[in-house]
Each structure stands twice: as C-alpha cells, then as structure tokens.
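Visitor: Listed here are the chains, written in short residue letters.
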Amino acid sequence: MPENAQHYKLLTGARLIDGAGGPLIDNGAVLVHGSRIAAVGPASTVSAPDGASVERFDFPGKTIMPGMVDCHTHHNGFGDGRSGDDLSTLPDEVLTLQSARNARASLFSGVTSIRENGPKNFTMFRLRDAVNQGIAVGPRMVLCGRPVAIIGGHMGYFGSVATGPVEARATTRQLIKEGADYIKITATGGSTRTSFPLRPSFEVDELKAITEEAHKFGKLTAAHCVSTQGTVNSLEAGVDMIIHCVFKEADGSDVFRPEVAERIGRQGAYVNPTLHVGRSRIWVMQHKKEREGLTPEEQQHLDAGLRNLETRMEDCRRMQEMGLRVITGSDSSWGDYQLGNTVYEAELLVASGYSAMKGVLSVTGEAAKALGIDDVTGTLEPGKEADIIVVDGNPADDINALWNVNEVFLAGRRVDRGSPESVEANRQMPPRG
Amino acid sequence: MSETQPAFKLIRAARVIDGTGSPALERGAVLLEGDRIRAVGSEESIAAPEGAPVEEFNYENKTVIPGLVDCHVHLIGMGDGRAGDELTTLPDEVLTLQAARNARTHLFSGVTTVRDCGAKNQTTFRLRQAMEMGITPGPRMVLAGRPVAIVGGHLSYFGVQATGPDECRAAVRQLIKEGADYIKITATGGSTRTSFALRPSFTVEELKAICDEVHKFGKHAAAHCASSQGMSNVLEAGIDTIIHAVHREPDGTSKFRPEIAERIARQGVFVNATLGGGRNRVVTLEKKMQAEGLSEQEQEELDQMRRAHQQRLDDFAKMRELGVQMAAGSDSAWGKYKMGGFQHETDSHVAGGMTPMEAIVAATADSARSCWVQDSVGTLEAGKQADLVVVDGDPSQDIGALWDVADVFLAGDRVDRGNFV
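Going line by line, the protein sequences match chains A and B. Going by this note's numbering, 218 is the number at position 218 of the first sequence; the sequence numbering is gapless. Going by this note's numbering, 813 is the number at position 380 of the second sequence; the sequence numbering is gapless.
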C-alpha cells in the first residue's frame, strides 16, 4: 500500500520523551508525514497543514517516545542456553528462519533498530533482503555479517577468521562488499570452546588494520572484550565500541582498571556492558532451584554468577560516574537471554546507577549515536524517520514502563503486532523469589 | 503451558461435516483429546469423561469441517507473476523465509495439510526442520523436496535432473534419503523456458524406474502433465496422481481423450486438475474491471483466461463422468496465485459440476487419500489427528462459505491467527 504523499498522522494526548535529552513534555504531539517526523512539541504547537488529510491517534495518559535501539543482538540465537558452538551447526536456512522469528519478536516489543553482533554466513544479509522484499518483518538492521575472529577465536565458527593485517583488511573488505554496516571484532576469546576468554585474540596491528579499513569506508567497529588486555588493545587500535568491557586479568581476577576506563572516556568510545545476559543465566538456575532444587555444584555456579553480576554492576556504575558513554545492547538471543526482552538490559543500567531518563536515552538517542544512525532514528525530531513507540506509564520515572508497549510505529507505519498474547509470550519472567 | 491445559476440548457447532461425504450433522459436536479426535456426533451424544477438565468452544451458526488438504502447493512461490526461472535465482535463505510466510498464510486460511510439489534445493526440508523446532508455524507438510526433471525440463532449475533409469533411481533414493515423503515428476515440459510443455519429457522406461523405486519404499509419485502424451506415459509407468491433466496434443490443440480418462479411472489414479489458478486470475480481472475498468491488454487476457478456464472445467466434468477421482490442489503460490486462496480451487470444482459436498470431500478426505495421509487426516473420525476448520455458514449449501474461516485447529491446538505478514 503506497502511502499518500499528502497523508499525515498526528499522535497526541500523551507525555512525550524526545530521546535527545530534551525536557519531558506533559502534553506532547508528534506529526508524521509519510515515513518521517514532520513536527514534535507541545500539542498546541503541532498541527498538520490546512486541508491535509490527517489520521489521528490519541493516547491519553501514555508516553510517546522513540522506538528502542538495541545495540547488541544475536538474531540467529535461541536464548535457550545452547552454546554458540552448537548453534552454528544448524543449517543456514533454519538460522535465517530463527532470525526472522527474533526480528519479529523484538520489533513487536518496541525495538525499532538493532545492531546484530554476529550471525553465521549470510543469514542476516538474507533476512534483511527478505524484509526489504516484504517477505518478513523486522526492525532496522545494522549488520556486521559475520564477526572477525582469529583462528579458533570467539565466533570463528560463524565464518570469518583472519590472520595478519593483510588478511584482516581483506576480511573487512569482503564483509563490506557483502553489505556490512559495521565491523564486529572478537578481541578476546569468549564462550567458544576453542577460544581463551582471559586472553586477547588479535595483535594490535591486526586490530589497527581492521579499524583503519572500516573507518576508510565510513564504517564503525565494535570489539568483544571479556578481559582487560583486549580492551587495551582495541583502544590502541581506535575501536569505536567496547562490548562487554569486562575488567578481568589474565589470571581471572577481577580488577577494575581506572586508567583503562579513563582512556575509553578520552577516546569517546562507547561501552556496551551486557549485564542481563549474565543475570539471565542466574534466573535459569534460580528457576531450577525453585522447581527442583540445585546440586551443590550448581549452587556454587549460581553463587559465582551472583558475585559476578555484582562486580559487573559495580564496574558499570564506576564507568557511568566517570561519564563514559554506556549504552544498552542486550546480547540477546545469546546464552539464556531471548530477543524481545531488551528492557532488562536498560533496567540493569538504571540499577547500576543511571537515572531512569538516562536509561531511556541509553536505549534510544544515545544508542543511535553509538551505531552512527542518529541522523536517521533514535530521537523524535523533525526529519528523522518516524520510529515511535507508545507506552503506558512514564519510563522517565520507572524504566520498567518500557515493558508496557501499546503501539509501535516503524518508518511512520503502525506495526500490526498480532494478538497481545503472542507478544506477551515472548517475555522471559524472573524467578518468584 | 501445555501441561496446564485441559486434555479435552469440546467443540459444538450448528453443524459438523465429517469429510466422508455423509450429510452434515445438525447441532453436532467434536471431542478432542490432546492432538486427536476422540469422538464425533450429535451435541447430546458427545461429552468429555466425567470429571475431566474440558475446554469448550461453541460456534453458533457455524460449521466444523476437517482441516483442508491442499494437495498441490509451491511454498517458495511469490504468487506475484514472476516466472519459476526468476524465482530460482533467489538465495535459499530468502526462499525459505518466503516458504515460512506462505505456510503461515495457508494455515491461517484453513489449510492444515499441504503437499509441496517442488521447491529449490533443501528449502522445504529446512522449513519443516524449523517447524519441528517450534521456530515457525505451518500446516502438516507432505514434501517432494525437488521435482525430478529431465535436463532442461520443467522445474529442473530447482536442483534435480536425471537421464536414464539408473540416474532416475538414484535421484529418487537421494530425495528419500533427504526426507522426501513422495516423488514429484515433471512428465511434460511446462512454464520453464527451456522445456516443451506440449511434449513428454522422460521416456516410459525412465518413469517406470522412478515409480518402481518410490513404491519400493512405500511412497507415492505424482506427475506434472501439461499435455496428453505425458499422461499416457505416466499411466504406463504406474503413477499415483496426475497433476494438471491437460488434454492437449503436440500441436497445441485441445482434444479430450476419453481413453486416457478411462485408464486414469481404471487404474485408480487421482487427478489434481489445478483449476484455481485460472479462476483466481479471472476473478481478479473481473473485480478490477468493475472497480476501475481494464486496459485493452487486460481485457484480452480476461477473454483468453475465461476460454482456457472453461475448457479446463469442461474436461474436468468429462473426466468425472468417466469415473476419475479428483483431489483439490491449488498450485499456489505459482504464477499469479498467492497462497491463502485454496478456496478458488474448491469454487472451481463446483463450477466444474461437483456438488458443494463433493467439493468438500475432494478438498479433505480425497485430497488426503491422494497424498497418502488418509490414516491421520482428512476426515473427522475418532482416532484421527484433530485438524479442524470452523467456517461461517454452511459450505454444503454454498461452497463460498469456505472463505469465511472463523477458527483453525491443528493437532488439537487452536491456531493463533493474529498476525499475517
């Protein structure tokens, strides 16, 4: 259905958060023209041109805000605890179908943009093609194609391994040729069985080659770092986002390194702490404990998880206090964390120290900046794409209001989200205790 | 979820049509237990066991029928008029996503079982794998995987071509190894650019090798026949279903061949006439004519489609007079025929002389028999899988009622039809 060029949508009756850091507007309105926002502001100041056809949406008592931006997803994943090593054995077609299911679930939950952090082969490029052809639905996608890994490195099983600056450059060019919007690097090992999470992976000259090559084409880079030396190397190479940003030494001890954090701040790199993916594991164990009890070994595992979460939240708080650009990226559907539940990550950034409003910005305007798509989406400003959600309550008071999504608009179109039950079914619930 | 749901569902409706051809049962009921039908009968005679938790569904003014069985689909098709030669250039992942979309659409429209008549590479097998993993919903699927074609033959671009009896046998074995439930053969050319629609493709010897091999494994074979010699050849080889069954000579003239029809009937072979695509196009153009008028070219197309469709309806009626059994299969989403409109095929069956009840049977019990799945689906009988459709009105009076689907049950679960893409 081609939209009538003269057709406007007017969203009124609600408080309004612009996602750009502007003050909350009590009685705001958004005027949408085609796929874009034409005007935003207090209701008295926003109206369609005389004589234009206007479709009105009134949302009394609700909040109008930008659609959420999730900086870190794995659309191939199931979030059912299976390892990436096992995931990558599935056929590409099955992974693509799972990605479509996840794209739908996250869009319906209010996420209108995602940055995918590592799928297998061509699966996400194919899904985007299919969405563009109207075959599937999903949010805007910022894609890496495949992560760049060392031989045996984290997510090397997804299809891109490189050794030496020349191969690293070639891999970057290959991914960009295929349609990559940014380059994801695994700068330390991770859960991948053949990798070493406490050690860096690439040499600094390899990381520099990737980053330089990506920047040459105007693309950003982001590096998975689950131990500190990987972060140091990535900063040396000029990486734009540190993912996980776990402060761990090579011997596994937790040591917050203020000088590394300061350097992140100095270089203006973004930090994506991915706190909830760890808590989702904790919840699985706690669910099991409630249901059937735990073995002593499992209890130890749970206790270690809880301690780790505490450390990660404390490190996150420090980085927030130092003014680092900490943004929301869920890491779902990795591990036990399923897409459609991005709010849990934003909630933990708030629990670590952000105000609720900062939490909202971390999953809207700031997140869009981190992805380099802030010229297109992430805020409610004239000229931006009309990616808008309407929620019950006020997320600037309580970040959990983001769970209560009433409507989603993507590029000015109201998204048909099907039955409320099917949307609700995607939510992962915490343990009762 | 499932553990807390009552094991029994009691469905009451203004009438129940069981798909066997028996008259509609007024004020009927169907009792489901888990994924199966436990009992079917009059409202008074059906109840859950005493004290058992039961979920009740009451459908006033509606009719319960067996889930529809579409014995001919192409799940990877777009239905937007693009040629198969173009379709096949899309990547497998995109085709699989399209297949998932079509599967969902068809299920939501009341079709609970499909036989896929040809897809590229492993796409439909992958879709089934994903469905079994709970990734995406869809009807039960009877799959061919790829059709078996000659070099350059119809649908050969999907990935299987064979020459000579040995290669034909090998192709059958390969497909069965991959998970094929039956074998689709293109016994004449078709729309494929390098094929010859008016000529047979395989030799009888090759067809015999395919049919022998597939029967050896207890599976059936269905053959695309867009001209008469193809029909004669596959009948000689022992085929189970003839698809299209177009009575046409090598020079393109339409000529009904009663001796072929008699042999189809004698051998107990099903015909899937695929009339719905023509009707879909006629209906679409007629609607457009009324709404906004037609261009000269469209008017020409409409006149030509009407003649061709009428020709097929006449041959359909003649075949039935000679005792041929018909199974309803839409051939969507091939050509311009999108999925979700299987009912064009049932409408066509009535236009071709069936009573509405006969058309219901052809789209349920008989279609299931033609797909060799009659033991589990196709009728509402105790012990069968609980695949049901609820429609407004009475389709045994007006076949058009099949378009008005109110609810779909698949394996005893009410399908959430909330979201179409």
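Just so you know, these hints were derived from the structure itself, not from any lab. Keep in mind the model is a prediction, meaning the values are calculated, not measured. Treat each hint with caution, since some may be false.
Quick partial rundown of chain A residues pointing at chain B, CB under 8 Å, derived from the structure [as the list claims (entries may be wrong)]:
#, residue
1, 123
2, 126
3, 128
4, 130
5, 383
6, 404
7, 418
8, 422
A short list of chain A residues far from chain B (calculated; beta carbon distances all over 10 Å) [said to hold, decoys possible]:
#, residue
9, 92
10, 93
11, 94
12, 98
13, 100
14, 101
15, 133
16, 136
17, 203
18, 208
19, 291
20, 292
21, 353
22, 405
23, 427
24, 431
We put the beta carbon where it would ideally sit given N, CA and C, even for glycine.
Visitor: Look at each hint and say if it fits the structure.
Guide: Verification of the supplied hints:
1. 123: holds (6 Å)
2. 126: Since the shortest Cβ distance to chain B is 4 Å, the answer is holds.
3. 128: The hint is violated - residue 128 (chain A) has no Cβ within 8 Å of chain B, the shortest such distance being about 10 Å.
4. 130: holds (4 Å)
5. 383: Because about 29 Å separates residue 383 (chain A) from the closest Cβ in chain B, which is outside the 8 Å limit, the hint is violated.
6. 404: Violated, about 19 Å.
7. 418: Residue 418 (chain A) check passes; min Cβ-Cβ to chain B is 3 Å, inside 8 Å.
8. 422: Result: holds, 6 Å to nearest chain B Cβ.
9. 92: Given a closest Cβ separation of 6 Å, the condition is violated.
10. 93: With a cut-off of 10 Å, residue 93 (chain A) comes too close to chain B, as the shortest Cβ separation is near 4 Å.
11. 94: Given that some Cβ of chain B is not farther than 10 Å from that of residue 94 (chain A), nearest at about 5 Å, it is violated.
12. 98: Non-interface label on residue 98 (chain A) violated, nearest chain B Cβ at 5 Å vs cutoff 10 Å.
13. 100: Given a closest Cβ separation of 6 Å, the condition is violated.
14. 101: Given a closest Cβ separation of 5 Å, the condition is violated.
15. 133: Given a closest Cβ separation of 7 Å, the condition is violated.
16. 136: violated (5 Å)
17. 203: holds (34 Å)
18. 208: holds (34 Å)
19. 291: Residue 291 (chain A) clear of chain B: closest Cβ-Cβ about 12 Å, beyond 10 Å.
20. 292: holds (15 Å)
21. 353: Nearest chain B Cβ is 37 Å from residue 353 (chain A), so the label holds.
22. 405: About 15 Å separates residue 405 (chain A) from the closest Cβ of chain B, which puts it past 10 Å; holds.
23. 427: holds (13 Å)
24. 431: holds (18 Å)
In the structure shown, a violation is registered for the earlier hints numbered 3, 5, 6, 9, 10, 11, 12, 13, 14, 15 and 16, in ascending order.
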